[in-house]
Structures are given as C-alpha cells and as structure tokens.
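**Q** Numbering (the numbering used here), first residue to last: 294 to 467.
Simulated from the structure, these hints should not be mistaken for lab results. Take the hints with a grain of salt, since some may be wrong.
In silico DMTMM-like cross-links for lysine to aspartate or glutamate, where the CA-CA straight-line distance does not exceed 20 Å [said to hold, decoys possible]:
1) Lys466 <-> Glu338
2) Lys299 <-> Glu394
3) Lys350 <-> Asp311
4) Lys299 <-> Asp311
5) Lys466 <-> Asp294
Derived CB-CB ranges, DEER-like [to be verified]:
6) Gln427 <-> Asp371: 28 to 38 Å
7) Thr366 <-> Glu432: 12 to 22 Å
8) Leu440 <-> Lys344: 33 to 43 Å
9) Arg315 <-> Lys350: 39 to 49 Å
Idealized CB from N, CA, C, for every residue including glycine.
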Amino acid sequence: DLDHFKDVNDLYGHAAGDAVLRQTALLMRSVCREADTLVRWGGEEFLLVAKRASRCKGPVIARNLLEAFRAKTFLLPDGASIANTCSVGFTAFPVLPWHPEAFSWQQAIELADQCLYAAKNSGRNAWVGATFRQTEGTEDACRQTGLDLQALVESGVVDLVSSLEDPGALRWKG
Numbered sequence: 294d295l296d297h298f299k300d301v302n303d304l305y306g307h308a309a310g311d312a313v314l315r316q317t318a319l320l321m322r323s324v325c326r327e328a329d330t331l332v333r334w335g336g337e338e339f340l341l342v343a344k345r346a347s348r349c350k351g352p353v354i355a356r357n358l359l360e361a362f363r364a365k366t367f368l369l370p371d372g373a374s375i376a377n378t379c380s381v382g383f384t385a386f387p388v389l390p391w392h393p394e395a396f397s398w399q400q401a402i403e404l405a406d407q408c409l410y411a412a413k414n415s416g417r418n419a420w421v422g423a424t425f426r427q428t429e430g431t432e433d434a435c436r437q438t439g440l441d442l443q444a445l446v447e448s449g450v451v452d453l454v455s456s457l458e459d460p461g462a463l464r465w466k467g
C-alpha cells in the first residue's frame with residue numbers, strides 16, 4: 294500500500310496520482326520474479342503473490358520492495374518529482390502448511406492485510422509479516438479469535454517479523 298497516497302492526489306492532482314500508480318506498477322514488476330503475480334488490488338494497494346517462494350523469503354521480498362521505493366523518484370506530468378514510500382504486510386499460503394485446507398486464500402489475504410495496517414499504524418515505510426507456529430492448539434486459537442492477528446500473536450501461535458525495531462510495540466488499530 295502506498296503511504297500517504299491521498300496527499301499525492303490532493304496536492305498534485307489525480308493525473309499525478311495516476312502517474313505514481315503506473316510508475317509503482319513498473320517499480321514493483323522490476324522487483325518481482327517472472328513466476329510472481331502482481332495485481333492492483335484496489336486504490337493504491339497492490340497484491341503480490343510470490344509463487345514457489347520459500348516461506349522464509351517474505352522478509353527478503355518486503356525489504357526489497359521498501360528499498361526500491363526509497364530509491365525511486367516519481368516523475369509527475371508537470372515535470373516535478375516526488376519521493377514516496379510504501380508499507381507491506383504479508384503471510385504465507387497455505388497459512389498452515391501442515392493443514393493446507395484450514396484457511397482459504399481470502400483468509401490469508403485478511404491476515405496479510407492486518408499486517409499491512411499494523412505497519413501503517415506503526416509509522417509507515419515498514420513491513421510486517423506473520424507466520425504460524427505448528428503447536429498444539431494453533432487451529433483452535435484461530436477459530437476462537439476469528440483470525441484476529443493481535444490476539445493470535447498474544448496467544449503465542451503466531452510469530453511476527455518486521456522491519457520495525459520493536460515488533461512487540463506494533464499499533465494494531467489506527
């Protein structure tokens with residue numbers, strides 16, 4: 294999700310916002326592998342499906358995306374240029390590799406979205422990811438919390454990784 298994208302539209306106009314979105318798509322494609330799927334998910338939000346990537350590669354992919362944005366200058370139609378950052382949330386699918394039918398892809402996206410908003414609410418220009426521990430009670434905890442990621446972290450069935458210095462201090466709600 295692009296950080297402060299509304300400000301781009303408000304300050305520079307919708308043509309500038311469209312230019313930033315087009316350049317964002319190109320930038321993200323340059324970071325993706327050929328096997329990956331990238332789609333605009335809505336507004337200024339993109340969905341990247343990193344097919345056949347190891348579960349441990351989430352932080353690497355997220356870090357590469359943030360670094361690419363930090364290095365990018367977005368050119369606007371009037372010749373001006375601006376910098377912009379993004380925030381990233383991710384999880385793996387299947388969510389539980391030992392029980393692949395336990396969660397739908399839509400639920401995986403919901404978990405990644407909760408990670409994204411934790412990154413945004415905690416300062417932006419950051420990434421947050423969630424992976425599930427294979428422990429007794431993981432599936433029960435997921436059912437009991439209704440996939441509330443903060444509650445799952447607190448219950449000890451989810452490990453968080455983040456570019457933020459203290460992932461324990463994440464702000465889950467805006």
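**Q** Now tell me, hint by hint, if it's right for this structure.
**A** Cross-check of the supplied hints:
Only pairs whose Cα atoms come within 20 Å are accepted, and Lys466 paired with Glu338 is accepted, the gap being roughly 18 Å. Proximity of Lys299 to Glu394 is assessed by CA-CA distance (about 38 Å); at most 20 Å being required, the pair is judged violated. A hinted pair counts as satisfied when its Cα atoms are at most 20 Å apart, and Lys350 with Asp311 does not qualify at roughly 30 Å. Between the alpha carbons of Lys299 and Asp311 the distance comes to roughly 12 Å, so the proposed pair stays at or under 20 Å and holds.
About 16 Å separates the Cα atoms of Lys466 and Asp294, which keeps this hinted pair within 20 Å; it holds. Look at Gln427 against Asp371: about 54 Å separates their beta carbons, and that is not inside 28 to 38 Å. Taken as a hint, the range 12 to 22 Å is violated for the pair Thr366 and Glu432, whose Cβ atoms sit roughly 47 Å apart. Hint check: Leu440 to Lys344, Cβ distance near 23 Å, so the stated range 33 to 43 Å is violated.
Distance hint check for Arg315 and Lys350: the Cβ-Cβ separation is about 27 Å, which falls outside the suggested range of 39 to 49 Å.
Hint violations for this structure: numbers 2, 3, 6, 7, 8 and 9, all remaining hints satisfied.
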